[in-house]
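Please model the entire structure based on the sequences and the hints provided.
Residue numbers (full-length UniProt numbering), protein chains in the order written: chain U, 1 to 243; chain Y, 1 to 243; chain H, 1 to 243; chain D, 1 to 243; chain Z, 1 to 243; chain R, 1 to 243.
A couple of the hints might just be wrong.
Because identical chains cannot be distinguished in the list, a pair is counted as satisfied if it fits within a single copy or across any two copies.
Claimed, not checked - With a Cα cut of at most 20 angstroms, we get these calculated DMTMM-like pairs of lysine to aspartate or glutamate: (1) 5 x 113; (2) 156 x 224; (3) 226 x 50; (4) 5 x 241; (5) 6 x 34; (6) 153 x 59; (7) 226 x 207; (8) 53 x 224; (9) 120 x 133; (10) 156 x 133; (11) 30 x 241; (12) 67 x 50; (13) 153 x 113; (14) 203 x 224; (15) 156 x 50; (16) 153 x 50; (17) 30 x 75; (18) 67 x 89; (19) 226 x 241.
Just so you know, the hints here were simulated from the structure itself, not pulled from any lab data.
Residue strings, one per chain:
6 protein chains.
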Amino acid sequence: MIAGKKLLVVSAHAADYVWRSAGTIAHYIKCGADVQIVCLSFGIRGESNDLWKKGGQTEESVKAIRKAETLKAAEILGVKNNIEFWDLEDYCMNLTPEIYDRMVLKIREIRPDIIITHDKFDILNPDHNHVSEMVYSCSIMSNSSGISAGNTKVTKQMKLFGFEPHQTEISNFKPGSYIDITDSYEQKLAAMQCFQAQNHLIKYYTDRAFLRGNHARRISGNPDIKYAECFANFFPIVGNELY
Amino acid sequence: MIAGKKLLVVSAHAADYVWRSAGTIAHYIKCGADVQIVCLSFGIRGESNDLWKKGGQTEESVKAIRKAETLKAAEILGVKNNIEFWDLEDYCMNLTPEIYDRMVLKIREIRPDIIITHDKFDILNPDHNHVSEMVYSCSIMSNSSGISAGNTKVTKQMKLFGFEPHQTEISNFKPGSYIDITDSYEQKLAAMQCFQAQNHLIKYYTDRAFLRGNHARRISGNPDIKYAECFANFFPIVGNELY
Amino acid sequence: MIAGKKLLVVSAHAADYVWRSAGTIAHYIKCGADVQIVCLSFGIRGESNDLWKKGGQTEESVKAIRKAETLKAAEILGVKNNIEFWDLEDYCMNLTPEIYDRMVLKIREIRPDIIITHDKFDILNPDHNHVSEMVYSCSIMSNSSGISAGNTKVTKQMKLFGFEPHQTEISNFKPGSYIDITDSYEQKLAAMQCFQAQNHLIKYYTDRAFLRGNHARRISGNPDIKYAECFANFFPIVGNELY
Amino acid sequence: MIAGKKLLVVSAHAADYVWRSAGTIAHYIKCGADVQIVCLSFGIRGESNDLWKKGGQTEESVKAIRKAETLKAAEILGVKNNIEFWDLEDYCMNLTPEIYDRMVLKIREIRPDIIITHDKFDILNPDHNHVSEMVYSCSIMSNSSGISAGNTKVTKQMKLFGFEPHQTEISNFKPGSYIDITDSYEQKLAAMQCFQAQNHLIKYYTDRAFLRGNHARRISGNPDIKYAECFANFFPIVGNELY
Amino acid sequence: MIAGKKLLVVSAHAADYVWRSAGTIAHYIKCGADVQIVCLSFGIRGESNDLWKKGGQTEESVKAIRKAETLKAAEILGVKNNIEFWDLEDYCMNLTPEIYDRMVLKIREIRPDIIITHDKFDILNPDHNHVSEMVYSCSIMSNSSGISAGNTKVTKQMKLFGFEPHQTEISNFKPGSYIDITDSYEQKLAAMQCFQAQNHLIKYYTDRAFLRGNHARRISGNPDIKYAECFANFFPIVGNELY
Amino acid sequence: MIAGKKLLVVSAHAADYVWRSAGTIAHYIKCGADVQIVCLSFGIRGESNDLWKKGGQTEESVKAIRKAETLKAAEILGVKNNIEFWDLEDYCMNLTPEIYDRMVLKIREIRPDIIITHDKFDILNPDHNHVSEMVYSCSIMSNSSGISAGNTKVTKQMKLFGFEPHQTEISNFKPGSYIDITDSYEQKLAAMQCFQAQNHLIKYYTDRAFLRGNHARRISGNPDIKYAECFANFFPIVGNELY
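Here it is, written out as structure tokens:
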């Protein structure tokens with residue numbers, strides 16, 4: 001049952017959460033979940049090549065464009081009022097103890113049932129690796145009674161899922177969970193089209209949703225799945241049923 | 001939703017299904033599932049050491065004892081009328097093409113939503129490895145329209161889960177799914193106590209249920225789980241939700 | 001230098017070589033290589049679901065359709081006169097010592113510089129696994145002077161590459177070599193369209209060629225690659241240069 | 001021959017060395033070894049949940065309780081005079097170059113034949129990972145003549161073993177060495193009972209010793225082993241005999 | 001303590017045991033162990049290239065040369081009276097149920113403390129893989145009371161170690177145990193020089209002994225090791241001490 | 001085609017590039033490539049044991065000897081004018097953001113087609129691990145338009161290869177590419193002989209070149225290869241041909 005669940009999505013750069021989980025986000029919202037997005041950076045150094053190539057840009061102008069794009073995408077997905085920007089420098093992201101503390105605080109504030117962030121290893125993106133390590137560590141710290149982040153209440157262990165990296169096999173990505181996004185696919189498509197700085201990725205992640213849909217259909221025997229997103233499981237599934 | 005689900009459990013030897021999945025079986029039955037057990041052998045050669053050591057035994061007498069024990073266990077779990085014995089020779093089990101065909105037929109007859117059997121590798125039990133390979137191959141063959149096993153109707157891909165082997169880490173076992181068996185733990189305990197041929201395993205799997213309960217509680221944050229069973233996932237989870 | 005090279009492609013079922021290596025085959029022929037295809041089976045049991053579903057089919061009629069389709073594809077790729085059918089039963093393929101001997105003989109006859117076949121593990125296709133094992137073993141046996149297959153001359157170790165399986169990550173597939181198939185992509189597309197028995201795979205492998213093109217472009221820095229095929233390397237690369 | 005051997009145990013938090021190696025420590029002392037314990041932190045932030053939950057605690061009061069508990073345990077094991085506390089902050093432990101230097105100095109001072117510390121990866125405890133990395137690096141540095149830590153004499157490579165983490169399979173733990181602790185099990189039990197802050201772990205590690213005893217008995221064929229502890233080997237075994 | 005230990009070495013082809021374990025065998029004999037060698041084949045098809053290239057050979061003449069060479073080597077190592085030849089056909093070795101039964105019988109007859117045979121995977125030698133699987137399975141079966149091989153007495157689990165394959169890294173070989181063969185190195189050298197059919201391997205395994213000596217020296221800190229042999233551990237070490 | 005290619009070699013310590021890639025460097029120069037070496041440190045703390053043991057040394061005197069030795073080696077290889085020393089402290093190397101920036105700048109200045117540096121994991125050398133991570137991250141950053149290192153022009157993704165570590169199997173090293181260094185072997189030998197501080201490594205890497213030559217010959221079927229060097233591939237090969 002998704003209704004009432006709390007989902008926290010931590011994205012290293014402004015668009016990561018869209019390419020890799022927009023369908024799941026829109027589906028969760030549609031089903032009554034609360035979704036919160038944290039964008040750690042705008043990706044202006046490492047993930048705005050198409051903008052810089054146009055020329056005449058400054059860090060500030062690129063940042064403004066990236067922010068506008070991602071807000072537009074967030075609006076389409078229904079999370080415009082639940083997205084925040086920490087505005088860290090990217091490439092390479094320097095995740096200080098202060099950032100760790102801030103993330104523990106954020107986790108305790110949101111109290112998510114589920115966190116989605118970058119998977120443990122992305123061979124083409126060092127920032128993703130650092131963010132994965134940070135979010136995982138903070139999810140552990142958040143459960144510890146001895147850590148008194150502000151006036152916050154300790155959490156119980158939440159679930160953690162990892163985004164599919166760009167080149168999965170050489171990043172040791174193992175699919176753990178496929179989410180059927182057939183009902184939210186159109187929203188994902190519209191959200192992706194907001195990102196002119198990474199235009200080449202739109203067809204890429206469109207095709208990927210189709211391929212993942214094929215995979216999900218084949219291993220589930222469910223013929224109705226057309227599009228899917230795929231995540232790594234940080235932990236085994238625990239429940240009353242074999243899913 | 002478990003009610004109405006069909007579960008097929010394929011056990012290499014007479015007691016494997018009890019040590020490794022009795023809690024899950026009893027829980028599924030309690031919740032309204034149909035459960036069918038196939039015991040491929042009585043394990044008289046490889047898994048009846050305690051009986052042979054008593055002396056004065058023949059293959060037939062050991063087989064009779066093993067059959068009585070496992071039927072008693074099945075009764076406790078609620079599957080006495082849904083267990084069948086293929087009476088193959090164990091250690092080493094020779095799985096001929098005819099056995100493969102018979103298993104395809106059985107899968108098509110039962111049409112399970114879920115199959116539980118041995119995981120891919122058990123460093124201390126070659127039979128388990130052969131059975132795992134056979135059941136997995138037959139689950140694929142069962143989906144193929146070109147295979148006309150008797151008058152049977154082709155299936156869709158069902159889910160596959162692997163039993164926890166005796167020594168997990170050196171058998172490359174990766175926990176994929178924990179099932180909370182707190183509500184069926186007493187039945188598992190009673191079922192295990194039927195096996196006098198493998199008496200030393202009773203405390204072993206009792207402690208294991210407690211440890212797996214601890215693991216499940218820790219990673220789920222659910223304080224009510226006392227006992228659990230653990231399975232490997234042959235395939236990623238597919239669904240509408242991140243479990 | 002491709003000109004003059006000999007390439008042997010061993011395909012478990014009639015269409016495997018097309019989905020997974022048609023672009024490379026056509027590219028090699030275009031560049032002056034000799035390419036030989038061995039189709040071990042027509043895949044009538046395991047890979048002709050769409051035909052069987054039409055009804056009114058017999059094993060012979062399905063075989064005839066599959067053969068016609070694959071010959072049409074071979075013609076498009078330029079290998080119509082270099083394809084042979086061993087007509088083995090599929091699902092599960094039983095690879096007897098006689099088949100091993102025949103394959104050694106074939107390798108000694110062709111004397112390939114390169115063999116392409118199925119990679120070591122395909123989680124959804126047991127036949128692929130058996131064929132991979134067989135071709136690899138025969139490539140080793142073919143180099144041994146003590147094996148006198150007919151009147152044949154012993155070979156030197158040839159290169160071995162593995163097809164990309166359908167679901168790569170859960171089959172432990174590791175990309176080793178990307179081949180730029182931009183110049184032969186149209187032929188691959190046309191060849192794929194011959195297979196009405198597996199119609200659903202045409203868009204699948206079309207999208208895959210685009211995604212693999214993206215991967216190849218990203219890791220090579222070569223902006224001209226549009227489409228690619230990906231293979232596993234059975235052995236490390238040996239040469240005078242770091243490719 | 002254990003008599004005269006020097007063993008250094010480095011524990012991230014105050015109780016880690018007890019849960020995971022108390023039996024081995026007591027056994028080594030019984031057999032005449034010199035054992036030295038370094039507790040890097042008291043674990044007051046991350047591993048004192050049961051104390052904090054009681055309420056009315058301060059960092060100092062928790063620290064005092066934890067210190068008293070671990071000293072009592074050390075007394076039971078026979079290492080009360082060979083335990084030192086570095087009192088670092090835990091969760092997340094910040095291991096500065098100064099800590100590295102101090103550890104090199106400590107290793108050169110103790111000159112251990114064997115170091116036991118945390119294994120390379122613990123999916124539920126980032127501190128364990130950092131300590132493992134630090135101790136391993138310092139063991140390498142300690143062997144280098146160019147590093148003049150105080151007035152110390154360079155060491156030769158000592159052996160390194162890793163503690164079993166809480167959830168082994170998902171932490172990629174591979175058992176390398178089982179130590180029979182049947183003769184020191186009662187001491188381990190008594191030592192564990194000192195830790196009221198982590199009361200839930202006492203039964204956990206009691207059962208684990210029993211299960212590890214079963215594993216050790218099965219793979220060694222030695223029927224006298226009742227309880228065991230399990231460690232990862234950082235390096236292969238080197239010797240005059242196959243152990 | 002080696003004196004009185006029983007060591008069984010199972011070699012797929014006539015010379016495998018020499019290249020990979022001659023130093024360990026000679027060392028064990030020197031220290032008072034009983035060593036028994038089983039050569040499953042003479043390797044006339046797959047491992048006698050240099051002989052066949054000379055021309056004028058028949059299967060029988062090659063077999064005679066190989067037998068003479070390996071007996072000469074066995075004499076040098078001190079196992080001339082403890083070597084037996086099962087004379088199976090190699091490349092590919094067909095290990096029937098009868099061979100399995102014969103191996104169980106042999107294990108029960110010898111009652112070894114330690115078995116050395118091929119490791120689980122050799123990417124360049126399918127025979128090695130089949131033999132590894134067979135010996136491991138038979139070692140398990142030998143422990144089962146229900147298997148009455150002739151009039152034999154059931155065994156307890158013995159230790160298993162795997163030979164280093166020719167190309168280790170691509171065969172997934174993990175060094176588990178290094179044996180210092182400095183005291184038996186000259187014998188190994190002399191034994192290797194008996195094999196004119198595989199002359200190119202003599203320098204290869206001479207250098208390997210030197211490199212493995214370097215590795216062993218580096219990780220043990222023991223400066224006296226000059227030459228070593230390396231084995232994989234099938235099971236973790238069990239004992240009273242951390243070796 | 002090597003002529004005109006640009007090769008950047010990044011070496012953690014003064015001699016690493018010689019032991020592990022001198023043959024490839026000399027071969028590349030012979031064939032018309034531009035080769036640039038960056039030595040991050042002189043290895044005076046961690047890799048000059050033989051010098052320190054002589055006594056009477058200071059950091060400065062050891063540094064002077066190491067520099068003279070490596071320059072002599074560089075001269076033999078033909079890179080005397082293309083080697084630079086960053087003079088960082090080793091054991092443990094502290095790679096600050098400033099070092100990262102300097103490396104990005106260096107990559108953009110050289111614009112290499114290929115970078116060779118340390119592979120991802122060396123179990124006996126933490127410095128190698130840090131350098132590997134740094135060079136890989138900088139190679140990614142260098143491609144990003146948003147990173148304006150000085151007045152530099154963004155690069156396209158270059159190829160990355162990893163040095164063979166000292167003990168390969170326990171460092172998870174997987175051979176990806178073998179380079180035939182038969183034509184430059186004498187130069188490698190001469191270059192290695194310059195390093196009196198690590199005298200014991202000369203025979204080690206001489207033998208290794210012979211063994212790697214054997215490996216390369218066996219898997220390529222090319223009988224002319226006598227000596228080889230082996231590298232890990234950071235990325236799959238991309239090209240128009242299966243190498």
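Okay, the hints, checked on the actual structure:
no., hint, in the structure
1, 5 x 113, "within (6 angstroms within a copy, 27 angstroms between copies)"
2, 156 x 224, "between (35 angstroms within a copy, 13 angstroms between copies)"
3, 226 x 50, "between (31 angstroms within a copy, 18 angstroms between copies)"
4, 5 x 241, "both (19 angstroms within a copy, 11 angstroms between copies)"
5, 6 x 34, "within (5 angstroms within a copy, 34 angstroms between copies)"
6, 153 x 59, "between (38 angstroms within a copy, 17 angstroms between copies)"
7, 226 x 207, "both (11 angstroms within a copy, 14 angstroms between copies)"
8, 53 x 224, "between (42 angstroms within a copy, 18 angstroms between copies)"
9, 120 x 133, "both (7 angstroms within a copy, 15 angstroms between copies)"
10, 156 x 133, "within (19 angstroms within a copy, 28 angstroms between copies)"
11, 30 x 241, "between (24 angstroms within a copy, 12 angstroms between copies)"
12, 67 x 50, "within (15 angstroms within a copy, 44 angstroms between copies)"
13, 153 x 113, "within (15 angstroms within a copy, 41 angstroms between copies)"
14, 203 x 224, "between (23 angstroms within a copy, 17 angstroms between copies)"
15, 156 x 50, "between (42 angstroms within a copy, 14 angstroms between copies)"
16, 153 x 50, "between (43 angstroms within a copy, 15 angstroms between copies)"
17, 30 x 75, "within (13 angstroms within a copy, 45 angstroms between copies)"
18, 67 x 89, "within (14 angstroms within a copy, 38 angstroms between copies)"
19, 226 x 241, "between (25 angstroms within a copy, 16 angstroms between copies)"
Hint check: no violations occur; every hint is consistent with the structure.
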